[in-house]
Amino acid sequence: MEVLREKVEEEEEAEREEAAERAEWARTEKMMRPVEVRKEETTLTQEMLRDLEKKLSEIQIPISAELPAFTKDTIDISKLPVSYKTNTPKEEHLLQVADNFSRQYSHLCPDRVPLFLHPLNECEVPKFVSTTLRPTLMPYPELYNWDSCAQFVSDFLTMVPLPDPLKPPSHLYSSTTVLNYQKGNCFDFSTLLCSMLIGSGYDAYCVNGYGSLDLCHMDLTREVCPLTVKPKETVQKEEKVLPKKYTIRPPRDLCSRFEQEQEVKKQQEIRAQEKKQLREEEERLMEAEKAKPDALHGLRVHSWVLVLSGKREVPENFFIDAFTGHSYSTQDERFLGIESLWNHKNYWINMQDCWNCCKDLIFDLGDPVRWEYMLLGTDKSQLSLTEEDDSGINDEDDVENLGKEDEDKSFDMPHSWVEQIEISPEAFETRCPNGKKVIQYKRAKLEKWAPYLNSNGLVSRLTTYEDLECTNILEIKEWYQNREDMLELKHINKTTDLKTDYFKPGHPQALRVHSYKSMQPEMDRVIEFYEMARVDGLIKREETARTMTEYYQGRPDFLSYRHANFRPRVKKLALSSAESNPRPIVKITEQFFRNPAKPAEEDVAERVFLLAEERIQLRYHCRDDHITASKREFLRRTEVDSKGNKIIMTPDMCISFEVEPMEHTKKLLYQYEAMMHLKREEKLSRHQVWESELEVLEILKLREEEEAAHALTISIYDTKRNEKSKEYREAMERVMHEEHLRQVETQLDYLAPFLAQLPPGEKLTRWQAVRLKDECLSDFKQRLINKANLIQARFEKETQELQKKQQWYQENQVTLTPEDEDLYLSYCSQAMFRIRILEQRLNRHKELAPLKYLALEEKLYKDPRLGELQKIFA
Amino acid sequence: MNRLCDSMEPKVMDDDMLKLAVGEQGPQEEAGQLAKQEGILFKDVLSLQLDFRNILRIDNLWQFENLRKLQLDNNIIEKIEGLENLTHLVWLDLSFNNIETIEGLDTLVNLEDLSLFNNRISKIDSLDALIKLQVLSLGNNQIDNMMNIVYLRRFKCLRTLSLSGNPISEAEDYKMFICAYLPDLVYLDFRRIDDHTKELAEAKHQYSIDELKHRENLMQVRLQDERARQEELEKHKTAFVEHLNGSFLFDSMYAEDSEGNKLSYLPGVSELLEAYKDKFVIICVNIFEYGLKQQEKRKIELDTFSECVHEAIQENQEQGKCKIAQFEEKHLSSLSAIQEESELPNIEKMILECSADVSELFNELMMLEMQLVEQLEETINMFERNIVDMVGLFIENVQSLMAQCRDLENHHHEKLLEISISTLEKIVKGDLDEDLPDDLRAVPMCLACPCHSDFSLTISSWERPFFISFLENHCLWITRPIYQLFVDKDTIVNAVGASHDIHLLKIDNREDELVTRINSWCTRLVDKIHKDEIMRNRKRVKEINQYIDHMQSELDNLEYSDILD
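Read top to bottom, the protein sequences are chains S and D.
The first sequence begins at 37 in this note's numbering and counts up one residue at a time.
The second sequence begins at 40 in this note's numbering and counts up one residue at a time.
Chain D with its partners taken away, still in its complex shape:
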């Protein structure tokens, strides 16, 4: 440390210090007297100056919630910390300290002006959260890598930058490089960048910048695509029919179904599967489209409802405002009449009249409110009935479509079973050779065992069990599963049945998910509407009461003052 305060003890940022600073920097003169009288709350302070105080550690600032401007320059701070709560901060000065890394600024999203002049920073980073940054001062630091500049490209509002006194500013290309990479910059090292320099810089670094831009654009496009896809999915989710506009459900049915996959190698099954898939997907798409349509309908219904409710409330408010305006006019004139009146009995009489007016206003306002509550209740109930009906209808239709899916599955199951059994019979009979699909038959041929080339051709039917056991021993990893299935009828039936069960389960799960989700949505919606209405009602009643109380107390005050007079 090469400063005057070097010899002094580091100070702690304690309550006394802060209070003193606040008091000194607060309002002056008359206002200052008032402030002293009342005391200033830390959270009302908007700007705070704590320079030349030999502070080592930032602390105790969490109370200054609304602070806009904080000056901590010329201290011996080594680490940026304790600023997490100051989210409204716009202006932060940490110059002339001993900071080594930029950190602890992630919550200061409103920061526009950051000064870290004369510190020991060697790398620009951890500033990602500062999207509004306009002025950045990093002079007299130890930044030595030009690539730090590229990091600053993400700050779209950055207009002023100072980097002089860093190792990089010695580089001959320093100015050009910055001008080229930060084209929106207006001031560099406290000087305005003229257009000529900008052009030159652009020309000089054009290729690298273009490349950079291209990369950035690609990234942007990818992000946008991702976002669009996400939005689309979100939309489908609100319609409760996500992933139904394709073969997703079908694929998921077969994803965990090993038997089914195996069985699909049987002769004729692949065609069957293809047809089955097509039909299934068509139904799924039907459900999907129906869901979207219903969602649109529900949305329109909800919109109409909220619009109507809004209109009703607005109208009611207008009436209320009108009533209050009338009352205030009358009230004002009667108040001035009271003030001009000199005889006490008359005054009392008039005050009584006034308070009668007030209570009448109260009655009127409350009547309006009660009327609105009744009307709204009726409407809300109607809406609830309609939306529940709508949801019920939707569920019913989806269920019937799902049932079609199940029928398809059953049908497919039967067919598959048939094929499987016939295949088994064939195997048992021994005329597998002709019927086995090519890929199955080809298996032994393509085996790596040189001793078994042309083996399958020589196997006769009586050798089958032996062959199988041979295969089990030698070529386990390919042929075993399918042949395992065709051991006897029970196995094959079980396998097909298991596959069928899995499929049905998947379909059921999807259906259940849809139904529960839409039901819960519906109940939540209705609950919210009811709750909102109740809240609104309470708020209005509170408001009316408050107003009436105020009016009444004003009258009472008048009474007292008159009596005192």
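With the rest of the complex left out, here is chain S:
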């Protein structure tokens, strides 16, 4: 405690001295500084900008030259909401506080650069940086975690370098504008990312600091592509099993220990030498790769995101570079210093020395010695308990020095002026501007596309190069999405020329991996399958020019492995070339898993059909407590004995070794039956091999077709792209619309013409209502009668005409030509048809008319406008 106290006192003393010095400094500059500050605030005008531009043009930055400038001329500010264009009184107050803070700060630390507190927004209104953060939780579950979030930001925005690499920008646009234009500098990036991270619950901060050249220019050419880094194989530590009580002692080791030691020593020497060589090599390479020294090292302003541990189960503090979306440890040497940091609630200035990059920084924001806060009383993490005394004392000092306690105490950060951040689903899916992005890594190039942008479903391609200049391609990896053939990844190794396709589950042939050099059959290839999707449980099929090996699992006959050796195809005449000409099989080896239902000495482990030698070899499984396994060999050469009879079976046709000889297996009958069985099996196996060959051909054909077609699948939930569902939806809408129209029609108002006679807006009296009803009904009755009359009239007219025609026909029957007669007959039939229809209509009308009349009466009775009627009846 005593020591601590002393230390504290020392510190205090030092600080007091410092303060005195600062005061001295301040006095000399007192007259100039405020003016300057004001100037900076007020006169950041065209002049300054032009200045900056001039400076910018002087500095040669290779990337920035190509990128379109992101100036405020291109931004349409007319549609922005009011909060963008004005400041609320609270914000004004905040700005005043900030100004005051800034003045005091520059007064106390005149050697440090002015604070980045309230840059102008797109409407030229000064806004405090913390209020520019708009914590938002995105509706996409993919953006809930920091890594995907950072990746999204880095993909979505195009990087624009800072106008002046040595100063923070004069403008800081709202995230909504940045998202709209998909462009931004490092501050825009980190503001957006920080908003999203805070929104999803992280303890995230925007950092204003200094970064290395690579970092500031988003130059990844010296970085290893994260996709090429192989995940470190976690070497599982073999748990040292404690020797059990009764573990047998190992046999005595009779080797000379001295010799062993000598051997070990020798090997160590060799290894050391190798290591040394390796290291030298590495060093040489490193040297070559190292960047040229940067003249502005340590001065380049950069902004990134700091995530503190604690919330969302983050175990330790880390940085996220919003440009690349990568995370870095806080010890990383690319981050050269921190000026200040802020979140949506407060603003802190780093009071720690950054001579050793950020490695010594302690991110305890509650510690006012290390972090000078702007607003008091926000619920920021308090200093850890052990240093409480310390902080108390220092607190007083600072308070005295800055004297801000009185006015700031009750002040908290106003709400953000930025509109809610919104990303449309289309933009979210497209991600990169125009759906395409290229990132250059060290010895690698990564290209990204939005899904459905490429017609073959390509979404990203990683090209790995052998050299730093990226000329010799080492390998290419292409990732696909939404392919109908479930192709997921295509991997082409340029050195060995080996192509490997990876498939997702769901290929019609249950393919998983297909690696090959050429699509010609009977060449080296390995095909792996999703064995659960196959009936025969095939896992893998390997082919070379002369062999084919298949691996199985989970079959009811316990087959695990089949290997076939082929002889080169016999050259046949052209006649047979049209048919399939399978290669002759020399040997088939089959292996089986243990079948627990059978005893081991009857369970075949391996059988070899030597087709050329007409031999069959069997090897059985080994019993649990044995070390040897039974074997049997059949010679199936059919021979003829001296009398010309066929020899069926002789003892020397079957050579067997049995671990535990049994009686019944010695019998010729048993052996004969076994051999017959094997003969049948042999036929089957040959057939299987032949079928496998056919299947390979089929797969190759299918693959070629798929490659040529490369159709893409569209989810049924994807309403935009799915044409079918779109059509269906439109059809449904049309139907709905028609239905609606029909309904409107049926709801034609019978009362409307009668109501129109009455003065509008008045309630009907009973008398009026009754009259209305009667009128309506009588009108309807009239109409029904009219309709009936009309049909009747037509009917009569038709009959009359027909009668006339018939009369005419009977009169002129003799003189008529056959054509006229035909005409007459067709007329008659048509007329009859018309008459019949009219008759039917008339009948139906007669039937329906009373019903219709009753229905109308009922309807009128229920009509709310004629409520008077009801009242009386009720």
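Treat the hints with care, since some could be wrong.
Claimed, not checked - Stretches of chain S that chain D covers, calculated by requiring three or more beta carbons in the stretch to come under 8 Å of a beta carbon on chain D:
(1) 661 to 672
(2) 705 to 711
Said to hold, decoys possible - No farther apart than 30 Å at their CA atoms in a straight line, the calculated lysine-lysine pairs in the DSSO-like style are these:
(3) D:171 <-> S:634
(4) S:540 <-> S:702
(5) S:281 <-> D:318
(6) D:214 <-> S:715
(7) D:362 <-> S:634
(8) S:703 <-> D:195
(9) S:667 <-> D:369
(10) S:623 <-> D:360
(11) S:281 <-> D:332
(12) S:280 <-> S:484
(13) D:243 <-> D:214
(14) S:281 <-> D:276
(15) D:567 <-> S:702
(16) D:332 <-> S:280
(17) S:702 <-> D:171
(18) S:702 <-> S:472
(19) S:667 <-> D:276
(20) D:360 <-> S:634
(21) D:195 <-> S:634
(22) S:702 <-> D:332
(23) S:702 <-> D:108
Rather than coming from a laboratory, the hints here were simulated on the basis of the structure.
Bear in mind that the values here come from a model prediction, so they are computed numbers and not experimental data.
Glycine included, every Cβ here is placed at the ideal spot set by N, Cα and C.
Take the given structure of chain S and dock chain D to it, following the hints.
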């Protein structure tokens, strides 16, 4: 008999008939020639068909040990017999015979399909052993009681049943009854039972079935309880402390001890006894718990041991297999080289090399085995020492606890003696009245003799002997024993001593039993381990020798054939 064969003589199932049948039904064509050449052993036959042969008596089938399917239909068999040895039988057809009762099927536990169609059976029983029964055909018989169906409920696998042509199938409720009582049945009288019928049947007979089920469940539960209790006891027995988790030992001490029981009526003895019992039982429970704990320990020890031994053997086997695999690979290549070689001297040289390889393999394998034997011996000895120590410790502790029991007994004995003597003195002095316990005193009062009501109140001390003799004459059956004891000091001391001796004997017996049993267990265990190891070793050596012999003979054959070539 109303069949064609009626007129014919009954035939006897003799060897010739069986041989003929086997030959006819055996393999055909080429295989048949082979079979004829070699002859077929009856025990290799899997299925046998003996129909339409006019057989009266089943006989001579004992050789067909592995028979799976036997058809004896259409004969005139009257009694099921001679099938005891055919334990692998799955399919038995005895239809169209003259069988009257079902019997002789108790050993056919694997039977799945039994046909007794067209016989004279009137009652279904004696099928208890056929737990795998799936198909039962009992059509055209004389079964007339519906209750036979209930008997079939015990066959859980029964799916097909035919009962048509029996008197019961005439009953109108026949189908419903069967469907209700045999819900797992799928086919009845060659027809599938549809779900609708099942539901109807269930609804119809629901009450009786529920009752039946309830009874069956009760039975089941009782059986399970019994089994659980048995298991528990078995567990205690393996710990050698059965019946020590309560007052069983104490009760047994007093079970054969008439004097002790009598003495317990003395004043103050019952309290003493109660306290004694409590203490005794506590010690017993201690022994019991200690025993269980020790048993657990022994079990763990044994498990570790067997696991380790198993691991060692496995590892050794793996090594052996690996060696053999290496050898075989090499051997195969050298054999093919020999076959391709044409010059005789070279061949001989190579064959020599091969045989050297074989003998080297032999040496290696034997070395491995000997190594394992040595290692195992060491381990086994260690285990033996440990387990013997453990048992010794257990015995020692149990003995000390038993000694506590004995101390308690001694203590109790002394106290009892004291009380007895003081009681005797009191009796002698004559102030028994006050001290006699109520039940003793009440004895005369509750006697049925009307002349002695209130008798005890009037007895004065000088009348005591008379009173006793009176009691002896009149009320013998209650009061005599206790008063007999209190005749004089010797008697009472003897009685108490005898009781004490019995108790001590019981305790000693229990202790002896425990000690002998655990000792014999221990020796048996150790013996078994040794024997197993020896057996294993012999088997392995035999296996190795056999393999090597085979290899060697193969080589020799090669030599001969080469020479012949």
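Each hint tested on the structure:
| no. | hint | result |
| --- | --- | --- |
| 1 | 661 to 672 | holds (count 4) |
| 2 | 705 to 711 | holds (count 3) |
| 3 | D:171 <-> S:634 | 21 Å, holds |
| 4 | S:540 <-> S:702 | 53 Å, violated |
| 5 | S:281 <-> D:318 | 40 Å, violated |
| 6 | D:214 <-> S:715 | 52 Å, violated |
| 7 | D:362 <-> S:634 | 26 Å, holds |
| 8 | S:703 <-> D:195 | 40 Å, violated |
| 9 | S:667 <-> D:369 | 17 Å, holds |
| 10 | S:623 <-> D:360 | 26 Å, holds |
| 11 | S:281 <-> D:332 | 20 Å, holds |
| 12 | S:280 <-> S:484 | 57 Å, violated |
| 13 | D:243 <-> D:214 | 12 Å, holds |
| 14 | S:281 <-> D:276 | 27 Å, holds |
| 15 | D:567 <-> S:702 | 35 Å, violated |
| 16 | D:332 <-> S:280 | 21 Å, holds |
| 17 | S:702 <-> D:171 | 34 Å, violated |
| 18 | S:702 <-> S:472 | 76 Å, violated |
| 19 | S:667 <-> D:276 | 48 Å, violated |
| 20 | D:360 <-> S:634 | 21 Å, holds |
| 21 | D:195 <-> S:634 | 27 Å, holds |
| 22 | S:702 <-> D:332 | 55 Å, violated |
| 23 | S:702 <-> D:108 | 25 Å, holds |
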